[in-house]
Structures are given as C-alpha cells and as structure tokens.
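Asker: Take a look at the letters that make up each chain.
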Amino acid sequence: MTLTHSTLDNGLQILVQAAHTAPVVSSWVWYRVGVRNEHPGITGISHWVEHMLFKGTERWPAGSADRAIARDGGVYSGMTGLDFTTFYETLPADKLALALDIESDRMQHTRISEEDVASERSIIISERQGCEDSPFFRLSEELTSAAYRVHPYGHETIGYRCDLDAITRDDLEDHFRRYYSPNNALVTIAGDVGDDEALEAAQSAFGDIARGPETPQVRAIEPRQRGERRVVGEGVGETDYVEIAYHVPEARDRDVHALTVLNAILSGGSGFLGGGGHITNHTSRLYRALVDNEVAVDIGGSLTPTVDPGLYRISATVWPSSDAETVSARIEDELARLRETPVAESELAKAQRQARALFAYSSESISNQAFWLGFTRIFADGAWLAGYLDDLAAVTVEDVQGVAQTYLVPANRTTGWYLSRGRNG
Amino acid sequence: MSVPNQPRTPGHKQALPGPDDTLRTVLANGITVLVRENFASPAVVVQGYVEAGAQDEPTGMHGLAGFTADVMQRGTAGRSFGDLYEEVESIGAGFGLGTGTHIASFGAKGLAEDLANSASSPALLDILSDVLRHPGFVDRQIEKARTEILTDLQEREQETRRIAQMKFYELAYPEAHPYHWSQLGYPETIEPITREDLVAFHETYFAPQGMVLVVVGGIKADDAAKAVAETFGDWDKRRPERASLIEVPRLDRRLEQRVNLEDKSQTSVVLGWPGPARSHPDFVPCLVGNNILGLFGMYGRLGLSIREQNGLAYYVYSRLSGGSGPGPWRVLGGFDPTHVDRGIQLIMDELRRFIETPVTEEELADTRSYLAGSLPLYLETNEGVARSLLNIERNKLGLDYLQRYATIIRSVSAEQIQSASQRWIDLDHYALAIAEPLIETEAG
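Those sequence lines, one after another, are chains A and B. Read left to right, the first sequence gives residues 1 to 425 (my numbering). Read left to right, the second sequence gives residues 1 to 444 (my numbering).
Just chain A, same shape as in the assembly (with noise of 0.2 Å):
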C-alpha cells in the first residue's frame, strides 16, 4: 500500500492509500472541530452543526445526496467526536467523483435556515432523550463533568439540554463559518483507485475554495487533579453500575502506547480505534480478579486519543450480591498490584500480540483504512499511525509500571457510581 499527500494552497490536507483488494472506495473529509471547540451556553453544537449538513444546498438539496449515493449503493453518513466532526462516503471504486462532489459543495454551501433549525432541534432532542434513558449514558455523562473543572472535554458530544433548547440559528451559522474550512480539514481517500488520479480529483473538487478565518486556539489547560472526586446518580432499575476515570496524556505523549499495553493487560485487547475485531477478555486482571470473584457482571477499560489530555475509564457492572464500594475497591486493588510489581513477560507479549491481531482485522476493510488515516492526523503526524505497531512493542514491563504509577493514582482518580433504586431503595 502506498500513501500519497498533498496540501493545496487553501490549507486543505489530502491523503490518499491505494488499496486494491476490493472495488470500492471510501473518502472522508475530516473537520478539526468538536466538543474541544465548545463551551457552556453552546454545548452540543459541532454535533449540531453536523446534522445541518445534511440539511442540503442549491446544487444538492436536502435528501438528494443521500439517494445519489445509495443509488450507486453506497453509503454516507457523518460523527461528531471529541476533536473532530467527519462525513464519508464508501462507494463503488469508479463513483469517488460523486463523494468529493458532493463534500466540496457543502464544505461552501451549505444553508442553516429557521426552518431547518427548528426542526432538527427537536430530533436532536429527541437523540439525547434516547441517551438520557441509558443508566450508562447518565453515569458517564456526571463522571465526565466532575473529571473536568476547566477543559471542554467535561461535557457530552450531544451537549446539555439547555443548550439545545437555548442555541440559535445565528450560533450554528457562526459555528459553521468559524470552522468547516479548507485550513482546517483533512481529506482522506481510501480503495481501489490510482493514488495520483484521486488526488488530483480531489485537488479539483477542492482546490478553488477559499480559505476560511483562522480557527481560535483553545487554550483551556485542565489543571492537576490533586485528590479524589466521586459523583453518585440514582435511578430506576434494579441494576448498579461503576465507572471510574483518570487523567491520561494527549495521543502525542509516548506514555499513550505504554497506557494501550496496560489497558490490553487489564481489561483485554479492544480495538481502541473502532471496528474489524473483537478479543474477549476472560483473561485480563480485571476479569479474574472482579468477574471470575462474582464481584462485577462485566468490566471494560477504554482509552481514547484525544488532542489535548484525555481520560482513561474502567467501567463495570455491579453483582447483584455485591455494591459498588466492593467493586471500587477491587479495581483499586487491581491498580495497585500494577503500581507496586512488574507484569510478567509473558502478559506483556500477550497484549502486544493482540494489538497486532486487532491492527490486522481493522485494517481488512476500505472504509477502516480511510477512518484510521484521517483519525490519527486529527491529533497526531503521519508516524504515528506508520510506528504503531512498533511504538507498542517497544513498551516494556518497566514502562508499564511506570505509567501505572503516575497516572493511576488515587489523587487522579474521579469515581462514579449509578445507584439504582431498586437495589438500593
């Protein structure tokens, strides 16, 4: 596989990687805007913002691109993360006209009416009530806003209620100018196509858009977290849940890999960066010391890249014999164990050997080729995703102890627990 890149003159970044083992192609056009560019008052309104760019343009009015695209059997859709807002097509190899086409239409075009507005508010509403009714949603949402005092990451993708109800449509279009320009976007191009060929199409899709206003910097610093922080929310149901976070570096920082090692050996390997593969993880620390003790029902631990530092969280599912101190205490336990003593060899060539069995199965389709390329660059340069692997072999059972302990440390921590009523009356 080849990787070919361009920057045109309007700032806007262009990677394409050949890859021929399928007749499709999938192309991405990736925006340096999320909940990192939020704050209160306009919680909620990248992903907003994402959704009014589907609402249509003169040339493709609200619906036409989405049954061009399905016409040729593809398909389109958008996300909103934390750095970043993207929209892909994956088609057909001969239709990536068609995908950059209708990108760069909207990339200048799109309009944010009342009408629109209005509308969209109430699904977006309805969107978050759908996540208000999952316990999951409701603890991660108040342990999120307890981690971070000053950081933007402290809030939900979707934003708070308020917000919905309270932004406008002068905000959307403002948000929209400020940020969903040629200087601050990525194109990525994935599939069956000659590299030099799709990088001239997107050359000519792109290339004569102007350069939007420079995009503000965020200067928000989380400071040190310098002792514990618990929030406890309770609901209905019959079900506890725990969920516990601590501050983490950005993607940047070499301790990042060390982290994705330690979280393979105590809560399996996953594939942090979506989609291809799936190990189970009956054979991680947490599993044996929680699940297998009829402790927790199930336990997970996740870390997402980010451009600014992040969190790493361990979730898990309440016994019903047990409660959520118990499980609290037995994670901290687990974490202590990992501060105080080396893992062995063999755990850490475990872990290392599934994230290169997760790396190849998320690297068999077009589509996880395109988002991989574009997700890495939002927070890092082009030798992060190419060391990789490498980067993760490279870590050792000292560095493993080491991030252990600086980071997964009591003072860091912020502790959240759903209580439910049921339970606990």
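Please keep in mind that the hints were generated in silico from the structure rather than gathered at the bench. Keep in mind it's a predicted model, so treat the numbers as computed, not measured. Note that CB positions come from ideal geometry on N, CA and C, so glycine has one too. Take the hints with a grain of salt, since some may be wrong.
Unchecked claim - Derived list of chain A stretches under chain B, where covered just means 3 residues or more per stretch with a C-beta under 8 Å from a C-beta of chain B:
| hint | stretch |
| --- | --- |
| 1 | 19–26 |
| 2 | 65–73 |
| 3 | 115–122 |
| 4 | 125–132 |
| 5 | 174–185 |
| 6 | 202–209 |
| 7 | 230–242 |
Said to hold, decoys possible - Facing chain B, a subset of chain A residues (Cβ under 10 Å, in silico):
| hint | residue |
| --- | --- |
| 8 | N281 |
| 9 | S284 |
| 10 | D292 |
| 11 | V297 |
| 12 | D298 |
| 13 | R337 |
| 14 | L338 |
| 15 | T341 |
| 16 | A349 |
| 17 | Q354 |
| 18 | R356 |
| 19 | L358 |
| 20 | Y388 |
| 21 | S420 |
| 22 | R421 |
Put chain B on the given structure of chain A with help from the hints.
Answerer: Chain B alone, transformed into the frame defined by chain A:
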C-alpha cells in the same frame, strides 16, 4: 481508473463469490462446508450454525437454548474456563456462540495460521469443535451465566426499545409460536433451569446433521476443507426430527399495548405484522418495497416524512425479517413523548400511500440500483462474505445467487411490490407496541 504507479496484485481484487471460487462439500455426517479464499487478508473467519434453537425448548422453558449456548462457551470437558480463554486470547483470536429461534450460530476469528492445528499454537477449529461437542457444564459457570442473564433481563426492563420490541412479538404471534416468546427468556423461566436441563438440551439438539460451517480468509480452500473434515468428520450423532412450526395466522384486529416506564425520556414504537417467509414468492418484492418505504437513503419515505420534513423522531425505519418463522414486517421509531400520536399518524399515512399507489419508476430504479450496487461494500470483509455464504446455504439460494442477485432485483416491478405488500400490510388489523415514559400525576 488506471493505476500508473501502483500495479495491482493479480488475484487480490475479487469478483462476487460464486460457484467457481467457492468450495462446497458435504461431510458424511451431514456437515456442509463452504470455503472462500482471500489472500488479501492475513486473517481468517469461521462462521456457522447448528440446528438447535429456541424452537426446540420444552414448553415453558424460555431461554433454555440461549442459556445452554452461554454455558457451552465457559469451558469443556478438557479445558477449564481459564484454559480455554488463555488459548484463544493469547493468539489474539476470538470466538462466540449464540442461539436464535431456529439455529445456534457460532463464529471465530484469528490469524490464518491459527485456523488448524500446528505444533506451535492451538487451533481455532479444534477449539470450536471442543466447545460444540464437549462442553463442561461446570456448576459454578452455570451460576455465573445465570446471574449475567438475569442482570441483562433486569436491564431490559428499563429499556423502552427492547420492551416495545418484546411486546410487539407477543401481540403479533400466537403463544403456540416460538416468536411470541423472548429468546432470552424471563426471570421466572431462567431461575428454575437446572444443570440437567442444560446437559439434556445440548445432548439432544447439538448435532452435525444440518450444520453448516464457512471459512473465509487467507488459507487455501482445500487445506481449510481438509482441516474441517479432520476436526469435525468423526462427530457422529443425530438430533430428533423437528416438528413443523404452526402456521402464523393473519392478525384479525387492531392490537395495541402500551407499557409505561418510570424515569424515561423517549417513547419507542413498533408497529407491524407477521411478514412473508424468505421462501415465499412475496418476499423479494416486499424486500425491494421495504427499501423504498423505510430504508433507502435516510430511512426511505418514512424518514423523509417523519424525520426530515416534520422533525418528529431521531430514528424511524422499517424492517422485513423474512427467515423461516416467518419473521415480521415492522416499523420502528423513537419519539419525543409529545410527538407520538402525530408520528404514528404519519407512519399510517405513509403505509397507506405505499399500498394504495404503486411506487414511482424513479424510486424503483434508485432502489434496484442501491440493492445491487451495495453488494461489493457488503462483501468487503471476510465476515461479510461468510455471512452471505451462510445465508445462501441456509435459504438454499444456490452458490450463484450473488451473481444472479442484480437480475433478481431488476425483475421486480412496481405492480408486484404493490400487490405483494397489500397481502401483508393491513391498515385495519395490526400490532402496535409502545413503551413510553410514565407521566407522573399528583397524588390525590
């Protein structure tokens, strides 16, 4: 597009799977083996099924099949729970087993070198065979599985989507049909299940006859088929013949059930009918029609009306299940509680338009093009190819089915869609399940 500086690797890009590049063989014990090579991938996928499912459960023992499959994954006669997962996870592989109404599906994924026995590593096929044939049913693992299932059932009680779905099946199917009942079971049916029940279910129903096993990935087809034969060829057992399912009667009235859940924000709605079986001549016209009704683009006509034009729901779509049941044809939506009545009215309006007026030629052309054009995307991964081959084998569609698929879809006319849909969508007689927030009123 030509590729001047990147020569394509011959044989890497694959055409639609067909009889020329899919190996199919049937072992003497009744196992059908299908293999397709894909050397573009270093991985290999195994998927398959055994004819054992909820329809085999004794009366009142809902959830027994799923409980059995859960415990089967927790250790075998020769491998403890810990040993089993140490073998699998140490090579970065995964496996799983689960039951539906008609079949127990299994699957595994790993690097191609780990498919069959080698001196250096355990083999995925050997592990799958051990799990399917020699499960341990250790008491402690049975109780752990029971607790996990009961926890999931408690969680289900708090989810409007799952409750609405469950209530829809209870309304649309009679008690004598397995679709009336939740495959997961209910607390009162899971709690009394004994080890003997689990052992008996496995002993009676897990057998090679009717089993299908598909391998797709970076391995030679002959080598894979030989490995499957060596691993599973000596499984010599027969399960009892299955009684036929009762014929599902048409709904003869409007059935509605509302369930109120405390402390919820969203209302989930499921509206529909028992639909045509996969083998019914109406299935393909209804499949094409359903795509227009509730899938094409952003949820088809339903999405356009209810989501895009009226902003009433975050999701609303329609689904035709087919299968052998026969599965239902239903519309599913998630609404703000204040929009439910209007949303249901719009769903009914769209259904009326759908059966009273033929779909337009433009809609039909778009949908044909989508259904045929999306195949390469669906078949992009080893899992996608394996799923397709399993579907082909299960429904006896023929190995050339994917190659004939575009022609089959193109042959469907607007009139066929309308007349087939009219036979299944009855606007006076339908099942409607609604799970909604409990609106608290002041006591007094």
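Asker: For each hint, tell me whether it holds in the structure or not.
Answerer: Here is what the structure says about each hint:
1. 19–26: Holds: 5 residues of the stretch 19–26 of chain A have a Cβ under 8 Å from chain B.
2. 65–73: holds (count 7)
3. 115–122: holds (count 5)
4. 125–132: Since 7 is at least three, the answer is holds.
5. 174–185: violated (count 0)
6. 202–209: violated (count 0)
7. 230–242: holds (count 5)
8. N281: holds, 8 Å
9. S284: holds, 8 Å
10. D292: holds, 8 Å
11. V297: For A:V297, the interface hint holds, since the closest Cβ of chain B sits about 5 Å away, which is under 10 Å.
12. D298: Where the cut-off is 10 Å and the nearest Cβ of chain B is about 7 Å from A:D298, the hint holds.
13. R337: A:R337 check fails; min Cβ-Cβ to chain B is 18 Å, beyond 10 Å.
14. L338: violated, 19 Å
15. T341: violated, 20 Å
16. A349: holds, 9 Å
17. Q354: The hint holds - A:Q354 has a Cβ within 10 Å of chain B, the shortest such distance being about 4 Å.
18. R356: Cβ of A:R356 sits 7 Å from chain B, so the hint holds.
19. L358: holds, 7 Å
20. Y388: Violated, about 15 Å.
21. S420: holds, 9 Å
22. R421: holds, 9 Å
This entry does not satisfy hints 5, 6, 13, 14, 15, 20, going by the numbered hints stated previously.
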